[in-house]
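Add chain X to chain R, keeping to what the hints say.
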Amino acid sequence: MFLFHCTGMSQSRDNKPDSLHWLLTKAVNDTVRMETLYKLSVYHSESNRDSAMFFIEASMEIARKMDQQLYLVAQLMLKSYLLQKQANFTHGLRLCNEALAISEQKENEKGAYIPQDNQFRNDPSKYRYSLLIGIYHQMGNIYSGTGDLKKAIEYFQREIQVADEIGEPGGRVTSNMNIGSIYAGMNQPDSAFTYAKRALENVSITGWRGYEGFILEDIGLVYFNKGIFDSAKIYLHQAISVNNEQHNLAGEIAANTSMATLYEKLGIADSILFYATRGYQLARQLDAAKGITTSTEQIATAWRLNGNSDSALAYLMVSKKIGDSLYKNFNKKVTEFQQVSFEEQMQLEKQAQESITARNRIKMMALLGGLGLLAVLALVFFRNFRQRQRSYRVLEKTLTDLKATQVQLIHSEKMASLGELTAGIAHEIQNPLNFVNNFSEVNTELIDEMKEEFIKGNTTEAVQLAEDIKQNNEKISFHGKRADSIVKGMLQHSRNSSGQKELTDINNLADECLRLSYHGFRAKDHAFNSKTETHFEEGLPDIQVAPQDIGRVLLNLITNSFYSVALKRKEADDGYEPMIEVSTKNLGNAIEISVRDNGNGVPQKVLDKIFQPFFTTKPTGEGTGLGLSMSYEIITKGHGGQLVVDTKEGAYAEFRITLPFKH
Amino acid sequence: MKILVVDDETDVQTLFEQRFRREIKNGEMHFDFAFSGEQALKYLNEHEQEAVLILSDINMPGMSGLELLGQIKSKYFKPPPVVMMITAYGDAENFNTAKQLGADDFLTKPVDFTELKEKLKTLI
Numbered sequence: 001m002f003l004f005h006c007t008g009m010s011q012s013r014d015n016k017p018d019s020l021h022w023l024l025t026k027a028v029n030d031t032v033r034m035e036t037l038y039k040l041s042v043y044h045s046e047s048n049r050d051s052a053m054f055f056i057e058a059s060m061e062i063a064r065k066m067d068q069q070l071y072l073v074a075q076l077m078l079k080s081y082l083l084q085k086q087a088n089f090t091h092g093l094r095l096c097n098e099a100l101a102i103s104e105q106k107e108n109e110k111g112a113y114i115p116q117d118n119q120f121r122n123d124p125s126k127y128r129y130s131l132l133i134g135i136y137h138q139m140g141n142i143y144s145g146t147g148d149l150k151k152a153i154e155y156f157q158r159e160i161q162v163a164d165e166i167g168e169p170g171g172r173v174t175s176n177m178n179i180g181s182i183y184a185g186m187n188q189p190d191s192a193f194t195y196a197k198r199a200l201e202n203v204s205i206t207g208w209r210g211y212e213g214f215i216l217e218d219i220g221l222v223y224f225n226k227g228i229f230d231s232a233k234i235y236l237h238q239a240i241s242v243n244n245e246q247h248n249l250a251g252e253i254a255a256n257t258s259m260a261t262l263y264e265k266l267g268i269a270d271s272i273l274f275y276a277t278r279g280y281q282l283a284r285q286l287d288a289a290k291g292i293t294t295s296t297e298q299i300a301t302a303w304r305l306n307g308n309s310d311s312a313l314a315y316l317m318v319s320k321k322i323g324d325s326l327y328k329n330f331n332k333k334v335t336e337f338q339q340v341s342f343e344e345q346m347q348l349e350k351q352a353q354e355s356i357t358a359r360n361r362i363k364m365m366a367l368l369g370g371l372g373l374l375a376v377l378a379l380v381f382f383r384n385f386r387q388r389q390r391s392y393r394v395l396e397k398t399l400t401d402l403k404a405t406q407v408q409l410i411h412s413e414k415m416a417s418l419g420e421l422t423a424g425i426a427h428e429i430q431n432p433l434n435f436v437n438n439f440s441e442v443n444t445e446l447i448d449e450m451k452e453e454f455i456k457g458n459t460t461e462a463v464q465l466a467e468d469i470k471q472n473n474e475k476i477s478f479h480g481k482r483a484d485s486i487v488k489g490m491l492q493h494s495r496n497s498s499g500q501k502e503l504t505d506i507n508n509l510a511d512e513c514l515r516l517s518y519h520g521f522r523a524k525d526h527a528f529n530s531k532t533e534t535h536f537e538e539g540l541p542d543i544q545v546a547p548q549d550i551g552r553v554l555l556n557l558i559t560n561s562f563y564s565v566a567l568k569r570k571e572a573d574d575g576y577e578p579m580i581e582v583s584t585k586n587l588g589n590a591i592e593i594s595v596r597d598n599g600n601g602v603p604q605k606v607l608d609k610i611f612q613p614f615f616t617t618k619p620t621g622e623g624t625g626l627g628l629s630m631s632y633e634i635i636t637k638g639h640g641g642q643l644v645v646d647t648k649e650g651a652y653a654e655f656r657i658t659l660p661f662k663h
Numbered sequence: 001m002k003i004l005v006v007d008d009e010t011d012v013q014t015l016f017e018q019r020f021r022r023e024i025k026n027g028e029m030h031f032d033f034a035f036s037g038e039q040a041l042k043y044l045n046e047h048e049q050e051a052v053l054i055l056s057d058i059n060m061p062g063m064s065g066l067e068l069l070g071q072i073k074s075k076y077f078k079p080p081p082v083v084m085m086i087t088a089y090g091d092a093e094n095f096n097t098a099k100q101l102g103a104d105d106f107l108t109k110p111v112d113f114t115e116l117k118e119k120l121k122t123l124i
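Protein chains in written order, with the working numbering: chain R, 1 to 663; chain X, 1 to 124.
Some hints could be false.
What the hints assert, rightly or not - Capping the alpha-carbon separation at 27 Å, the derived lysine-lysine pairs in BS3-like fashion look like this:
1) Lys524(R) / Lys99(X)
2) Lys73(X) / Lys531(R)
3) Lys99(X) / Lys531(R)
4) Lys117(X) / Lys2(X)
5) Lys531(R) / Lys42(X)
6) Lys570(R) / Lys99(X)
7) Lys618(R) / Lys648(R)
If you are wondering where the hints come from, they were derived from the structure by calculation, not from laboratory data.
The shape of chain R in the complex, shown without the other chains (with noise of 0.2 Å):
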């Protein structure tokens, strides 16, 4: 495992986010609100990337405006560790250079702004010198984030160059750990443990923790790879508690990851999943899709040791799905880096002939230039081609594996659905077969009277209990109709889906959907309550559609209806009152199925994630995240039809399904 980390110019994570905003409010110069910005994207680096990126980019637009060049290296560096991170390895690049080419200018030296806390504050040149070390530092990161592993050693051996030469203890701490970690990721335990070492040395000195955490967690791995797992234990311990008590939430990840490798390792399945569904938390919190699908394998790992197939497989499900984008995604920025990187290095040699040789001498070498780069184009044609064939093969494997997945998981959802509503339904056939039984005996009761009526010769008063019991038997037939439906549509429910579409009225099984859900909801939560209304159309024609299909998105919306409304009245005041509707409405061409709450409504921030699968705001267990990206499914591919949602946030959410038809 890789792991690579930010420069090691002063920066620490020790500052608190709560006191820096209150710098930030009180800040009355410029320098400071530079300073107390650039602080909050480096506290944010390692556990909420958007704000790192949004206080960096703040920050950097005041060195600018200011031309405060020196400092606008650090921030630059910041920036291209943030890049690196979300793979863009060919923008970060450019930072790096960009970043050189201040550096190397002496006159960026006169009036620089030399942050407080740093060693070299009145030593403006060696200051100017020191930035060498988070360039270097930050290049061989992007390096051995390509997979150029010789050229990343390569570029921290030269941080740990210059920090030895100006006596910059901080900079050994991040080059020798990230050298330890190549060599450990090589297979070299030896020369990886001797780097994670001198790491941990350098961390004493400098009393500086941000990353020692994650050296802890190298010194773990390469003990375990030694085969010494009591001790790789203990450092993974300790990487676990040092990484949270610093903040370090990818450090934290790939520590519990860790763990949870070890612990596969000794074939201990709780263990397993304790540490894997920590990392899988804490992945899904910094949004780190290689967290993700590592975790959720191991997950899957402790499922199967347990004996739980069915689990298994869901998270298996997860993790290629996450784990195929990633690596598609990745590919592709790494080849990018590749035509760039060649560019820019065509680009730097240009410049330097130009200043020496004459015209028509750059003439022929553009011109040879123009040809290398040909050559090279063609050559990294043919190895996207290669690594596309071999692409393939994997995800043809993972396809055959996938849809197998997803027969299981379907049937789970449905399984699942089906559990919510079974009270429900207990209690809706309870009524009817009340009925039933009451008016039979009553029956009973009118035939005896009847008899006595005519052995008294009162044929009259014979002949109205006569109606009454006729008009009993025709309630009796009612009520047993009624639970005779509800158990055809519970069956309906769980049976496979045919996708066989029949003529169907939409009013009728809007008004089921809303019965059982309803009564499902009420059965869970006894205390809970809440108006509904339905507005249907009347007069709706009989439309072709898959009425179990349609049927499983109407209790999801509902249901899930009902959930938001539930949530709100616990928090809500008194004066709050819970109300759902469904509504029909014919619009020509298509039918309209509305059903709306006054809960509070979708989160801005998670609109366009909710048709996801996967993703569910409930708490673990409690929902499955495939309601909806079903639901969008059966309506968009199934039917043609469209599936949208309009809310407000803490008002209410109204989802529309449309189901066209022909006339």
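Here is chain X on its own, set in the frame of chain R:
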């Protein structure tokens, strides 16, 4: 004696009228029906002066039986009517809430009419 039955199932009316047809014929009991909590409150506001016994279902859309019970027991109806709650879910939670809100009795569905008749007769 006037008895108000509150249930969202309209066939409850036919059922009660048949089950209690002797008592109704003799004039021992008089039944009125409301098909929601809201209707029941309206009825009580209009029939304030009459002695009323209320049989209410708990699980109804809109105002639930428990909310209705709370309103009746905490508000102005005079004289305070006797309220018996009926529910399909005979769980402790419903039972306790009903008791806390001041329900006078608690029955579970399916209703045992012989037992209900006994109870009503002792009340009368």
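Next pair to validate is Lys531(R) with Lys42(X); report whether the Cα-Cα distance is within 27 Å. Given pair Lys531(R), Lys42(X) holds - Cα atoms ~18 Å apart, limit 27 Å.
Are the Cα atoms of Lys99(X) and Lys531(R) separated by 27 Å or less? 24 Å, holds
Quick one, are Lys618(R) and Lys648(R) close enough, alpha carbons at most 27 Å? Holds, because 19 Å separates the two Cα atoms, which is no more than 27 Å.
Satisfaction of hint between Lys531(R) and Lys73(X), Cα-Cα up to 27 Å: 23 Å, holds
If you draw a straight line from the CA of Lys117(X) to the CA of Lys2(X), is it 27 Å or shorter? 14 Å, holds
Given the hint that Lys570(R) pairs with Lys99(X), test it: the Cα-Cα distance must not exceed 27 Å. Since the Cα atoms of Lys570(R) and Lys99(X) sit roughly 23 Å apart, the hinted pair holds (cutoff 27 Å).
27 Å Cα cutoff - pair Lys524(R), Lys99(X): Since the Cα atoms of Lys524(R) and Lys99(X) sit roughly 21 Å apart, the hinted pair holds (cutoff 27 Å).
Violated hints are absent here; each numbered hint is respected by the structure.
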